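Chain by chain, the residues:
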Amino acid sequence: MSENARQLETLIGRGYQHGFVTEIDSDTVAPGLDEDVVRLISRKKQEPAFLTEWRLKALRHWLTMREPHWAHVKFTPIDYQSISYYSAPKSRKDGPKSLAEVDPKLLETYEKLGVPLHERARLAGVAVDAVFDSVSVATTFRERLAAAGVVFSPFSEAVHTHPELIEQYLGSVVPYTDNFFATLNSAVFSDGSFVYVPKGVRCPMELSTYFRINALNTGQFERTLIIADAGSYVSYLEGCSAPQRDENQLHAAVVELIALDDAYIKYSTVQNWYPGDANGRGGIYNFVTKRGECRGRHAHISWTQVETGSAITWKYPSCVLRGEGSIGEFYSVATVNHHQQADTGTKMIHIGPNTRSTIISKGISAGHGQNTYRGLVKILPSAHAARNFTQCDSLLMGAQCGAHTFPYVEVKNPSATVEHEASTSKISEDQLFYCLARGIAQEDAVNMIVSGFCKSVFKELPMEFAVEAQNLLAVSLEGAVG
Amino acid sequence: MTASRTPLLAINDLHVTVEGKQILNGLTLQVGAGEVHAIMGPNGSGKSTLAHVLAGRPGYEITAGTVSYEGRDLLALAPEERARQGVFLGFQYPVEIPGVNNVYLLKAAVNAVRKQRGLPEVDAFEFLGLVREKMRLMHIEDSFLSRGVNEGFSGGEKKRNEVLQMLVLEPRLAILDETDSGLDIDALKVVAAGVNSLRSPERACVLVTHYQRLLEYVVPDIVHVLVRGRIAKRGDRTLALELERRGYDWVTGEAA
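Read top to bottom, the protein sequences are chains A and B. So for the first sequence, this note's numbering puts the first residue at 1; every next one is plus one. So for the second sequence, this note's numbering puts the first residue at 483; every next one is plus one.
If you are wondering where the hints come from, they were derived from the structure by calculation, not from laboratory data. Each hint should be verified, as a subset may be incorrect.
To be verified - Derived pair list, reagent style SDA-like, types lysine to any residue, alpha-carbon separation capped at 20 Å:
no., chain 1, residue 1, chain 2, residue 2
1, A, LYS426, B, GLU578
2, A, LYS455, B, PRO580
3, A, LYS459, B, GLU633
4, A, LYS459, B, VAL585
5, A, LYS378, A, ASP178
6, A, LYS74, A, ARG281
7, A, LYS347, A, TYR264
8, A, LYS455, B, ALA590
9, B, LYS616, B, TYR586
10, B, LYS589, B, PHE607
11, B, LYS597, A, ASN447
12, B, LYS597, A, ALA441
13, A, LYS455, B, SER628
14, A, LYS426, B, GLU633
15, A, LYS74, A, ASP277
16, A, LYS45, A, PRO154
17, A, LYS455, A, ALA422
In this text the structure is predicted, and so the values were computed from the model without any measurement.
Please construct the entire structure, taking both the sequences and the accompanying hints into account.
Below is the structure:
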């Protein structure tokens, strides 16, 4: 981690120690979902009419849909009428009252990841009603962005400051009819991030949800919209390596990215929602729709994800390659241990000529974990000379886990080049012994070998994130061998 | 540290089976500090098994016998402990570990040893200097620094890398398992120079080899011939030459 980043973290960390503002708002609507609830959410947020109407259309459509079960994951159907869809802000009064009440295993993990003490309470969901004061660092951060003309704000704020952009782009990549969870999100989304990078602007810093301090507790139905105007560049970091607890089991987020001519969006995720206990109880269901559209010529969208948390991950960050010569990339490390299940991958939809896509997927299965790669490469008739390269590797640790691969390829233009490479391997006894014979401890040896396996993905992550991701992987695979 | 009369390594009546098959059958061998021993023998005589058992590879069942190193029970130590105590195995077939950087592994190994000795972690800058110096000795190119462990290495590169690791780790007891096999004459000289550079009154080296060629460049104090899991013959440098002239049948016949 760079010295700057460390200082920044220290500064931010300091902010947590004091300056807590208690703001309890008890108006949580009764569980259940109907048009009145959607209208209420929209009214509470004082949204313009177009948005209320959009939410209602989504709800009406959602009521005609069924919960999908095609993924290679198992879960009992969710009772959507038992969920409360509006609570602002969440008081967390049901959470543990102090760190003493938190699962000691979780605290042990924080210790290992080096999470600062004052951070642990927030991450573990302790009822501190934490809406902390704006910190000078965050203010400076915003000022620098504003100087560059970059908009980075909570979605609910952007609805008021940039309604025209929201109206133009919201749902233009993931329409409200897209899929069960995205449609539900469209009807009831709570908050999220909005980013607009103007023409020709290179965003002066990496945008991290870490800094989006006034939009905490929006995990359940998060909505993110990122627009990179012609010739711009932005790198967006989502998540945090420390395991986060949330009282909501279901997370159905939507992320939409739009890259115009020559724009480049790099979106990195480190996902570590609570995976449940060693028996798989109590973990988060992470059912997320992420899609980017390269709308302009030579646009470039790159997804990098490190998925280690959640009881169930259902997630396919995808690229619609519409603009001529546009580029889509997907780099993924997905890890399952204990009873975790992951069904993740990507879709690369080639529409424009000379479009290119790269998929590098690394799945690691340990314990009783089930890991599935599901990917679609679709070359439409208009996509002359399109190219795709897919590499899909699975690493198994132990005999109880599983790795599954479902690659779908649809080619409708004969000039396309599509390559697919796949491998499944175990950490070999030879590799392990080689490290041991050099004096390296078994756990360190396993971490080293796994990190090596993931290297081609990790190198796509911003520096600080890569270090965190490596530590995270080490912790989540602890005890998986030997 | 060790009294001159106590051998650095003392193997006594060692019996080892692999998947129920007897491989070592009452092997006794003593290696004193400052000595270089060559273990020769026909294929399947148990040479590599001996090397692996000393390094602690799993899968071998020790049914009888003892091994002491620096006067302590070597077999009671986990493989990584042995390495940290100064036992080094140069592999016959070094494995590839994709994505793990050569230097990274080497640094982790050095630090594991240093930690054992209560020393601070090695300074990255100094470490690189040291590695570069040893690389020159082993005729290894600079590009090696950024490559994965043995990834895409030729047979000769792998062997030179093993010796490089040995030079950086400076073990007290080095066991080289057919490090000479598959090397052309130039590479063999480089490897031999590396091994010789580590010879000292405190250290010992066990060379496991099938041919006497390496012994022209690394002259052993004692040559042992292993047949069917035990030492059938021992002698000096001239024994290796005689073996080359007369073949292993000469000894196996005698041993039968």
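These are the hints, each one checked on the structure:
no., hint, verdict
1, LYS426/A / GLU578/B, "14 Å, holds"
2, LYS455/A / PRO580/B, "9 Å, holds"
3, LYS459/A / GLU633/B, "18 Å, holds"
4, LYS459/A / VAL585/B, "17 Å, holds"
5, LYS378/A / ASP178/A, "17 Å, holds"
6, LYS74/A / ARG281/A, "13 Å, holds"
7, LYS347/A / TYR264/A, "18 Å, holds"
8, LYS455/A / ALA590/B, "17 Å, holds"
9, LYS616/B / TYR586/B, "16 Å, holds"
10, LYS589/B / PHE607/B, "11 Å, holds"
11, LYS597/B / ASN447/A, "19 Å, holds"
12, LYS597/B / ALA441/A, "12 Å, holds"
13, LYS455/A / SER628/B, "13 Å, holds"
14, LYS426/A / GLU633/B, "17 Å, holds"
15, LYS74/A / ASP277/A, "17 Å, holds"
16, LYS45/A / PRO154/A, "12 Å, holds"
17, LYS455/A / ALA422/A, "16 Å, holds"
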